[in-house]
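Protein chains: 2
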Amino acid sequence: MRDNRISEAVISRLPKYYRYLSELEAKGTQRVSSSKMSADMGLNASQIRRDLNCFGGFGQQGYGYQVNNLKNEIKKILGIGKKYTAVVVGAGNIGQALYKYTNFAEEGYNLAAIFDADQSVVDKEIDGITVRPIEELADFVINNEVNLGVITAPKRHAQRIADELVLLGVKGIWNFAPVDVVARKGVCVENVHLSDSLFVLSYRMRTNGED
Amino acid sequence: MRDNRISEAVISRLPKYYRYLSELEAKGTQRVSSSKMSADMGLNASQIRRDLNCFGGFGQQGYGYQVNNLKNEIKKILGIGKKYTAVVVGAGNIGQALYKYTNFAEEGYNLAAIFDADQSVVDKEIDGITVRPIEELADFVINNEVNLGVITAPKRHAQRIADELVLLGVKGIWNFAPVDVVARKGVCVENVHLSDSLFVLSYRMRTNGED
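Respectively, the protein sequence lines represent chains G and X.
Letter 22 of the first sequence, counting from 1, is numbered 999 in the working numbering, and no numbers are missing.
Letter 86 of the second sequence, counting from 1, is numbered 1063 in the working numbering, and no numbers are missing.
Quick caveat, the hints were computed from the structure, so don't treat them as lab data.
Keep in mind that this is a model prediction, so the values were computed, not measured.
Errors might be hidden in some of the hints.
Which copy is meant is left open, because identical chains are indistinguishable; a pair holds if it fits in one copy or across any two.
Straight line, CA to CA, 20 Å or less: simulated DMTMM-like cross-link-like pairs of lysine to aspartate or glutamate [unchecked claim]:
no. : residue 1 : residue 2
1   : K1162     : D1173
2   : K1162     : D1017
3   : K1132     : E1083
4   : K1053     : D1173
5   : K1162     : E985
6   : K1132     : E1002
7   : K1004     : E1113
8   : K1013     : D1157
9   : K1101     : E1113
10  : K993      : D1173
11  : K1052     : E1141
12  : K1060     : E1112
This is chain G alone, in the form it adopts within the complex (with noise of 0.2 Å):
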């Protein structure tokens, strides 16, 4: 497929075209140019038409983008509205925030329980739902067919977790952990770092102002 020559640093902004579309969408607008977008988004506007050409995107000189049909493309391109079913194994803050987050199940990723193994929290209810018991993963993951693990537990575990969870037969790690968990070839990982974009944030305030 053509798709799989497009860079990681492509790869890193099609969520960001996709989230800046979506809201063109909703706002009605029909169509886009390259310069519209790069003022709104902050991108260079070559680099846009750089990036979009890389997934057959084609503007039309004068014209621009169609919104809807570019939007769409995007989100094949991303696999956004294949069903997604997935655990989240914590429920600490973090866990909780994303599970109770509705916005997901819209794009078509269904959190579909939460799991700890901390007896306190286990049986406590979260809008109604209960924190199952780790002991469940196990029978729960084969029985619903998730294909998506969201780590959100404590460092010293997420390693063991992610194991299970490929030997379960998952397809992706989500890992909100501050350590990156590593998985056999043909599982995908993506090891969220929260801190980083306050480093990001810290550099530029440290070198505002200086240019």
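For this one, chain G is given, so just place chain X on it according to the hints.
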């Protein structure tokens, strides 16, 4: 300053280098080659050398980089270790999670207080600390020389909170509301979209095995 010319792509990788080198340092490793970094971090070795060259991190042929020196150089560039005093606005799950997370304090980011407008959570204790009423935000920011605002409030309030924080004199905004907030020139903003990494993960899951 030389580092004003560091590209956005390099800046976005610096936190990853910083985390990696901090881990090596904690293990007592004194030097590391770009090829070892490449294998561990999943980045191209020549890209690593180019990145590190950008800010004067020159490795020696056959010796590699001094872990401690390189880590400290990146730390300085990122502005980590300078004094940041922050307020968290919004005491929902994400706000509480960030506020309770002690690693930020270890790096010099003092999340000094958490605020909410909802009377039902105000005066609620979180790990022994009380959620303050939003009415006290202005006084707190001014009296404590707060320079960083963390927004973890609902989408519809995010821009108004950002505007207030800017008026009160903060120099940086770390926004977790699912909408991009903007600030006048001179104030830096990092808009964090947790769903972006989920979309990238689903892209990888979709294309996995097609290479």
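Hints not upheld, ascending by number: As far as the earlier hints go, 1, 7, 11, 12 are violated by this structure, in ascending order.
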